[in-house]
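Engineer: Given next are the chains, with one letter for each unit.
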Amino acid sequence: MARRVGIVAVAQTKFEEKPGVHIGELLYQASRDVMKQTGLEFKDDGTGIDCTVASGYDMMSGPGGAYMFLGYIVGAWQREDERVIEDGSMAVYYGAAQILSGHADVALVVGYSKETQIDKNLIECLSLDQIYQRRIGLDFVSSAALQAMRYTTKYGITPEQLAKVVVKARKNAKNNPYAYCCDSLSVQDVLRSTMLCDPIRVQEAKPTPVDGACALILANEEKAKKLTKKPVWITGVSSCYDHHELGYRDLADCDSLVTAASKAYKMAGITNPFKEFDVAEISEHYSYQEPLWYEGLGLCGKGQGGKLIDSGKTQMGGELPVNPSGGVLSGIPHCLAGMHSVVECALQLRGEAGDRQVKGAKKALAHGVDGPAGQLHCVITLEN
Amino acid sequence: MSQNIKKSVADIPEDTIVVEVQGHSNFLVTVGNTGHQFMLELKDNKTITGIKCPGCKKVYVPPRSHCPTCFVKMTEWVKLSGKGTLDTYTVVRYKEQYMPKEPPYAYGVIKLDGADTGIVHMIGGVDLNKIKVGMKMEPVFKEQREGSILDIEYFKPV
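Residue numbers (my numbering), protein chains in the order written: chain A, 1 to 384; chain B, 1 to 158.
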């Protein structure tokens, strides 16, 4: 990257069912947290926060609402305030782009999701193609299941390998006080859980509903150095969309992730991601996605994701711990997961990740995904 | 109902004041010229048609107005036999209001002979436990057709 964008503060709420909490209250908590950490307020004279970028899906908050929730809550009204509808990683990307373009020096990036007040599967069905896919009742669960079956069949990925992903996630989540769901599941527990949508079992799908919010403050290099002693630098960022029509892709290969990752790595000068990254936070909404995204991210070869799980190298204490936070399988809401990945990576690089800290982490990989069967991927590389 | 799709609206404490927000708008989405031609063939001739890109020569089904790769307009229609190979499948075991039939039922991606893409549809006429990737499939059409992707009732093993 020509110039550097620094993350100067991050915050997250506890992830849980918060049925009595308004979205505004969720956003206020996370936003005020990062503003207090930095002492920054909204200012028009270039001495405070210049703009906001919010991620959150209107339909996920009760139809409509795009114009209501953020501005007055965080003091952004009468200011530049952008909306990103996809995964929260895209809001981080957009905030970084605003700073790199020189339009802003300091940006507040926030994301929320309130799954307790919506019917998640219905909303996801409604975001599919109206003419061909929605009519047959397809949704994100069944789309993912079609991908899971294709991937596991093509490459011989076993149910046990996928169950290990869930076991790892829930075990890691025990070290994360913000996590929704942590327990001592065994591989057998996962394999014995009810079949949801073959080959995906209930325990292999993201727990839902979960509510929560995240916030970050991004700043240009000069200001970042003044605002914190521990800036985390965004060294590379890229996203890529695949076709929404599932039959137009080979679901066993995540081409859009390969493209997003290679562009982000090129910006960051990363040539051997598995060796160079010290920690990764990858958005796995279903167990099969972790090994498949490993492949797309170039952490292993095509079809080798299951073996990488078996090797234990991505567990805590391994060569490249993946999802020390517990990841999406421990319950991060839709639309927020990728922003949460960035927040967790920033905590790791600041050495502030508590019991889930990967010692001495210098380079981190954050990933977000949205759309049916991994249509959109966003990859963000970070360094301290 | 599975744990994954429990409706937490019902879990909101009784003393919480809530506002019920309904989607007040219905949508009428036109299928466009390309979709129209495809739907007419389903309805009138029980035929699945693909559309061929003049650039890369790929045949797309379901058809779209222009090639997503070459970004050129596609106008050459290709009649397909409807037979194809099952690329992947799933069995839906949870229930939602928008589903066209009672679970359990199956979806598949069927790579049609003569096309370069797969079509997503339901699978029927087979024991759900006996569906296998690689099976040869063919469409079963509804008796009463209206010009809809649902004019294909499902694909069944040949």
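If you are wondering where the hints come from, they were derived from the structure by calculation, not from laboratory data.
Hints should not be assumed to be uniformly reliable.
[As the list claims (entries may be wrong)] Heads up, simulated DSBU-like pairs for lysine-lysine below, C-alpha to C-alpha not over 30 Å straight-line:
(1) A:302 to B:111
(2) B:156 to A:154
(3) A:154 to B:43
(4) B:142 to A:302
(5) B:132 to A:307
(6) B:130 to A:307
(7) A:154 to B:132
(8) B:57 to A:263
Engineer: Please go over all the hints and tell whether each is borne out by the structure.
Structural biologist: Outcome of the hint check:
no.	hint	result
1	A:302 to B:111	22 Å, holds
2	B:156 to A:154	22 Å, holds
3	A:154 to B:43	35 Å, violated
4	B:142 to A:302	41 Å, violated
5	B:132 to A:307	24 Å, holds
6	B:130 to A:307	28 Å, holds
7	A:154 to B:132	13 Å, holds
8	B:57 to A:263	29 Å, holds
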